[in-house]
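S.K.: Here's the letter readout for the chains.
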Amino acid sequence: MKTVKIFGAVVLVAFLTAFGVKNTSTGYKVGDIATDFSLKNVDNKKVSLKDIKDAKGYIVVFTCNHCPYAVAYEDRIIALDKKYKKLGYPVVAINPNNPEKQKDDSFAKMQERAKEKKFSFPYLLDEGQKIYPQYGATKTPHVYVLQKTAKGNVVKYIGAIDDNYEDAAAVKTKYVENAVDALVKGKEVSVKETKAIGCSIKA
Amino acid sequence: MNRIKIGIGAMLISGFLLASCGKKTESETEKTADNVTEAQKTPPPAPLKVYTKDGVSVKAYDFDKLEYFLTQKNDTTYVVNFWATWCVPCVEELPHFEAINEKYKKDKVKVMLVSLDMFKMVESKLLPFIKEKQLKSDVVYLRDPDQNTWLPKVDSTWSGALPATLIYNKDKRKFYEQSFTYDELEKEVSNFK
Chain A
3 MKTVKIFGAV VLVAFLTAFG VKNTSTGYKV GDIATDFSLK NVDNKKVSLK DIKDAKGYIV
63 VFTCNHCPYA VAYEDRIIAL DKKYKKLGYP VVAINPNNPE KQKDDSFAKM QERAKEKKFS
123 FPYLLDEGQK IYPQYGATKT PHVYVLQKTA KGNVVKYIGA IDDNYEDAAA VKTKYVENAV
183 DALVKGKEVS VKETKAIGCS IKA
Chain B
94 MNRIKIGIGA MLISGFLLAS CGKKTESETE KTADNVTEAQ KTPPPAPLKV YTKDGVSVKA
154 YDFDKLEYFL TQKNDTTYVV NFWATWCVPC VEELPHFEAI NEKYKKDKVK VMLVSLDMFK
214 MVESKLLPFI KEKQLKSDVV YLRDPDQNTW LPKVDSTWSG ALPATLIYNK DKRKFYEQSF
274 TYDELEKEVS NFK
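Each protein sequence line maps, in turn, to chains A and B.
Just so we're aligned: the first sequence equals residues 3 to 205 in our numbering.
Just so we're aligned: the second sequence equals residues 94 to 286 in our numbering.
Misleading hints may appear alongside valid ones.
[Said to hold, decoys possible] Derived DSS-like pairs: lysine-lysine, alpha-carbon spacing no greater than 27 Å straight-line:
(1) A:Lys103 / B:Lys218
(2) A:Lys105 / B:Lys213
(3) B:Lys246 / A:Lys31
(4) B:Lys201 / A:Lys204
(5) B:Lys280 / A:Lys204
(6) B:Lys201 / B:Lys226
(7) A:Lys150 / A:Lys42
(8) A:Lys176 / B:Lys213
(9) A:Lys176 / B:Lys267
(10) A:Lys176 / B:Lys158
(11) A:Lys174 / B:Lys213
(12) B:Lys267 / A:Lys31
(13) B:Lys158 / A:Lys174
In short, the hints are calculated from the structure, not lab data.
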């Protein structure tokens with residue numbers, strides 16, 4: 003009887019601690035199913051992942067106009083879409099910032115930037131800032147590579163685009179490309195998570 | 094007997110969860126004061142480069158060199174703030190760090206501002222900013238684009254968003270991925286005294 007009591011107490015503690023851990027680390031981990039969304043694109047049309055034809059997965063990039071790190075990566079994001087859309091992994095860019103807090107990230111400015119840079123991918127506004135917290139994005143740029151499966155869109159990679167924000171020519175490891183290359187070949191992604199400096203999201 | 098085994102197993106698991114929980118929420122580790130005298134003798138590393146403009150200069154380090162300033166073991170409490178001139182919430186909280194540096198100078202509290210501006214902005218943005226705001230705290234420039242390697246060495250919980258702050262002394266270390274008000278910052282610093 004005594005052991006049952008102790009066991010019960012231990013289970014309770016384990017449950018509470020597990021719950022506590024869950025509370026502190028929000029957002030997706032590799033292996034989780036990522037939510038779909040319906041967000042306004044710079045062409046005023048709503049975009050959902052499920053509407054993108056022939057996709058085997060997606061390169062979801064939380065990015066924005068104002069952040070120098072995001073700007074430094076713009077051309078590389080365009081290049082990712084060019085290379086991987088035809089292989090079934092298109093880029094879907096989402097601006098998570100609240101335009102009221104960050105004027106340069108207004109919908110009008112997003113439209114301007116998309117036109118200037120000839121974005122070949124959707125550039126969506128996370129109106130009400132509801133999607134980025136579900137993903138657990140904390141900064142721009144912040145990438146989630148998803149693979150479409152029968153269960154849903156499985157998170158396969160989270161983190162940086164590559165290992166040098168300053169100089170695309172000096173990049174040694176292209177994390178996102180390596181991840182998507184692995185998925186295209188039906189292999190396991192080797193580096194599943196990386197970290198990089200970014201601008202904190204202004205909600 | 095089986096019950097006892099399960100009980101012990103569950104205890105071990107909950108112990109593990111507790112430990113990892115503590116790490117996650119607090120991101121605080123107690124450090125021993127080993128090698129204090131030895132560490133004090135080591136001189137600071139030479140910077141990669143010193144940028145100077147209009148009478149203001151800033152030393153540039155890569156992370157291997159910067160690490161010295163994140164691990165000093167003496168009787169000073171160090172408040173290390175990671176920021177950049179383009180980061181609005183960082184610039185907003187800078188006056189609080191300046192105020193703490195001034196107010197607690199005699200109490201052996203030292204603020205260091207680690208700029209993560211882009212390389213091409215050091216001379217055009219960072220140096221003019223230091224001059225304009227007349228920053229009194231130590232400002233250094235971290236030039237190390239391979240962030241995935243060094244970010245976890247500052248703190249394993251850091252996702253990479255700015256601003257971020259590390260407060261440490263020889264006994265204690267705590268990391269904050271957040272913005273501070275003056276009162277919040279003062280309260281945290283006072284916990285280190």
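S.K.: A separate judgement is required for each hint: does it hold in the structure or not?
M.R.: Verification of the supplied hints:
1. A:Lys103 / B:Lys218: holds, 22 Å
2. A:Lys105 / B:Lys213: holds, 24 Å
3. B:Lys246 / A:Lys31: Roughly 21 Å between the alpha carbons, so the hint for lysine 246 (chain B) and lysine 31 (chain A) holds.
4. B:Lys201 / A:Lys204: violated, 34 Å
5. B:Lys280 / A:Lys204: holds, 25 Å
6. B:Lys201 / B:Lys226: Cα-Cα ~24 Å, so holds.
7. A:Lys150 / A:Lys42: Satisfied, since the Cα-Cα distance of roughly 22 Å is no more than 27 Å.
8. A:Lys176 / B:Lys213: holds, 22 Å
9. A:Lys176 / B:Lys267: Since the Cα atoms of lysine 176 (chain A) and lysine 267 (chain B) sit roughly 32 Å apart, the hinted pair is violated (cutoff 27 Å).
10. A:Lys176 / B:Lys158: Holds. Lysine 176 (chain A) to lysine 158 (chain B) sits at ~25 Å (cutoff 27 Å).
11. A:Lys174 / B:Lys213: Distance of about 20 Å is within 27 Å: holds.
12. B:Lys267 / A:Lys31: holds, 24 Å
13. B:Lys158 / A:Lys174: This hinted pair holds, its Cα atoms lying about 21 Å apart.
In this structure, the earlier hints numbered 4 and 9 are contradicted, and the remaining ones agree with it.
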